Amino acid sequence: MELRQLRYFVRIVELGSMSRAAIELDMAQSALSQQISRLEGELSTRLLKRNPRGVEPTEAGAAFFREAKLTLRHAEQAVRSAQQSRLTGSVSIGLPATTESILGLPLITAMRSRYPDVRLHMVGGMSGNLGDMLNARELDMAILFDQRLSGRQNIYAGRRWMVLPLFEEQLFLIRARDATPRRALPAETTLAALAAEPLILPTARHGLRTILDAAFTHANIPPRIALEIDSQPMTMAALEAGLASMIQPWAAMGSVKDASRRFEWALVKDPHAVRINLLCSLNDDELSPAALAARTVLRSCVRQLIADGTWQGVKPIHHEN
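Numbered according to the working numbering, the sequence shown spans residues 1 to 321.
Do not take every clue at face value.
[Said to hold, decoys possible] Just the calculated beta-carbon pair ranges, DEER-fashion: (1) R261 / D308: 20 to 30 Å; (2) R66 / S30: 25 to 35 Å; (3) R261 / R20: 30 to 40 Å; (4) Q5 / A259: 38 to 48 Å; (5) E56 / I225: 30 to 40 Å; (6) N51 / M162: 39 to 49 Å.
[As the list claims (entries may be wrong)] Below are the DSSO-like pairs computed for lysine-lysine, each with C-alpha atoms no more than 27 Å apart in a straight line: (7) K315 / K257; (8) K49 / K69; (9) K269 / K315.
Just so you know, these hints were derived from the structure itself, not from any lab. Computed from a predicted model, the values in this text were never measured in an experiment. All C-beta atoms, glycine included, are put in the ideal place defined by N, C-alpha and C.
Based on the sequences and whatever the hints tell you, model everything.
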């Protein structure tokens, strides 16, 4: 019997739902169900039964639930006792520009709360540059973009990294709200509908441009490029000035106050207009205890931001735990 199985069981009972627990625990429902089956097999008794609204504990499950919660509290106390000599060290983390606008401050806040003696070095930049820094051991970890959906070979293959698919971002057509009479954007649009839309795009060396070029190629539509800008602040300034529209993830508006008043947006419904975000880090044997803790906190922050609706247009990628 493992502590993680107790945590899984307790959370299922608390939520009354296997599917909701799987989402919160960031794992596939089939994997969660398998862990509970193993626990029941080890105990030789049924712990859960289905009801019209989800699941509830059996009589044995209710008794086990009380003791499991007590065991977990004792385990948490043991961890706190072991950590009384507080974790120290430094961690360097790279985040792409749009990602840092949503994730950066919550990650810093969470790390300061949980590990106040760990010094963070936060680096923003383009995914390719962050990948080079990670490869040169100038970063402990970074969020990078998977290029394979764009037809590119996996540029991270063969590197001594840990690579964990983290979440999938949908892309949106975003434009300024202004006085110019224009038809309001629908909730969703397609690449075909954007053939005449003047766009602000990053240059070809940018990962997002690679994704968009591939998506437009698959749709057999050439984009109408009004401006090419690699600076996110400059892109947002040009967008707000009404010079053109842009296609970016929703996180691009994360640092903009009153975004709903200043911009309008439509989800681009296209299987190729998505961006896979990877959490890439040095291998565990190269990471300090502080960096290992920061990696866990980063994943937790991402899950929380998605769960509470702060980060829109994002779908977490669950893993077989």
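To see whether the hints hold, each was checked on the structure:
For R261 paired with D308, a C-beta distance near 22 Å keeps the hint of 20 to 30 Å intact. R66 and S30 have their C-beta atoms about 28 Å apart, which keeps the hinted 25 to 35 Å range intact. In this structure, R261 and R20 meet the distance hint of 30 to 40 Å, their C-beta atoms being roughly 33 Å apart. Evaluation of the 38 to 48 Å hint for Q5 and A259 yields a pass: the beta carbon distance comes to about 42 Å.
One distance hint, 30 to 40 Å for the beta-carbon pair E56 and I225, is violated here, with the actual separation near 57 Å. Checked against the given bound of 39 to 49 Å, the beta carbons of N51 and M162, roughly 40 Å apart, stay inside it. Restraint check: the Cα-Cα separation between K315 and K257 comes to about 24 Å, which is no more than 27 Å; the hinted pair holds. Taken as a hint, the K49 and K69 pair is honoured in the structure, with Cα atoms around 19 Å apart against an allowance of 27 Å.
Distance hint between K269 and K315 is fulfilled; the C-alpha atoms sit about 14 Å from each other, no more than 27 Å.
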